[in-house]
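S.K.: Sequence:
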Amino acid sequence: MKKYTIKEHETTELYQYFADEFGGHWDGEHLRVEHEDVNITTTFYHDIFGVSLGINEVAFKEDTIISVEQNTAPLLMVRFIINSEFNLPKRNNLSVGPNHQNGVLLSNTETPIEIKLLKGEVVRWIAIRVRIEDWQKIANGRFSQLDQLFKSKEPWVIAKPITSLMEKNLHEILVLRDKDYGHKVLSIAKAIELLALLFTQLIKENEDGEEVGLLHDDYEVILEIKKLLEKEFVNPPKIEELSKMFAQSVTKLRQNFKKVTGLPIHQFVMKERYAEAYNRIVNSKDAITEIALDLGFSNSAHFSDGFKKQFSISPSKLRSEMPE
9 MKKYTIKEHE TTELYQYFAD EFGGHWDGEH LRVEHEDVNI TTTFYHDIFG VSLGINEVAF
69 KEDTIISVEQ NTAPLLMVRF IINSEFNLPK RNNLSVGPNH QNGVLLSNTE TPIEIKLLKG
129 EVVRWIAIRV RIEDWQKIAN GRFSQLDQLF KSKEPWVIAK PITSLMEKNL HEILVLRDKD
189 YGHKVLSIAK AIELLALLFT QLIKENEDGE EVGLLHDDYE VILEIKKLLE KEFVNPPKIE
249 ELSKMFAQSV TKLRQNFKKV TGLPIHQFVM KERYAEAYNR IVNSKDAITE IALDLGFSNS
309 AHFSDGFKKQ FSISPSKLRS EMPE
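So the mapping is simple: our numbering equals the position in the sequence shown, first residue as 1, plus 8.
No wet-lab data here; the hints were simulated from the structure. Note that the Cβ used here is the ideal one computed from N, Cα and C, for glycine as well. Be aware that a few hints might be false.
Computed spacing ranges between beta-carbons, pair by pair [as the list claims (entries may be wrong)]:
id: 1; residue 1: Glu21; residue 2: Asn148; range: 31 to 39 Å
id: 2; residue 1: Glu70; residue 2: Asn148; range: 40 to 48 Å
id: 3; residue 1: Pro169; residue 2: Ser308; range: 29 to 37 Å
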């Protein structure tokens, strides 16, 4: 597996490296690489009004790790994943993208991140980088509730869903890339609007009683809990047990778990059970009643109803469609 290590403030140097390494072309704004090992199409607008914007499309011919190193430059990084996914191997293989609960990653540059790109998959994302002091000038106090988080020197990361308004802006940025006039300033304006939409969402959650973000240590705790529940979904620990095991209050644990996974703990466990049930129905000859009992469902009718809500097909119908 190939691995490339970068720092957020060295983006242009990285583009030049890929151009040199794979016989591509980098003109300071556009990178184009067509090589047997990798295809890259990138447009990068550097430091316009303090905001940098990267529009990226990458496909490696083998599994590749992009390692973003920790550095102390006071920057915010936001990555919007489009029609593909990021897999974060150092964060319990958390996947982020349109087919997952969350499609946006927001972090500071104190947070090291590793991204796994699977071979042959075309990965598309829009990255926005802004100096914290410049964002505060742009926002002019509008998002003061987030200042404490943004100024924190501790590593932190937030994963959030992409809303329909964000999708609209992402599409407009992609369209602007192909225009011959006004594309830079208009694209940066759309990027700033994207940030405003994201930060408004965070503030609304805060006003609804949720903490704005997760510090790195809290995030790692939730990933450990997620990993545990993925293994023990048949007989999962009670919330009070998890609270004692991981030294977090029940309230904080519930809030943080939903923030990271997008689901309350009970719904997450049930989703894991139904996923295993689907796998066994498709890949084994076990009776459906037996599968339900094995996975902790005492009522087969309740199991069947929940399964159909999850997959839009009943267990018996799914089994009947399997080849003999």
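S.K.: Hint numbers the structure violates, sorted upward?
M.R.: none
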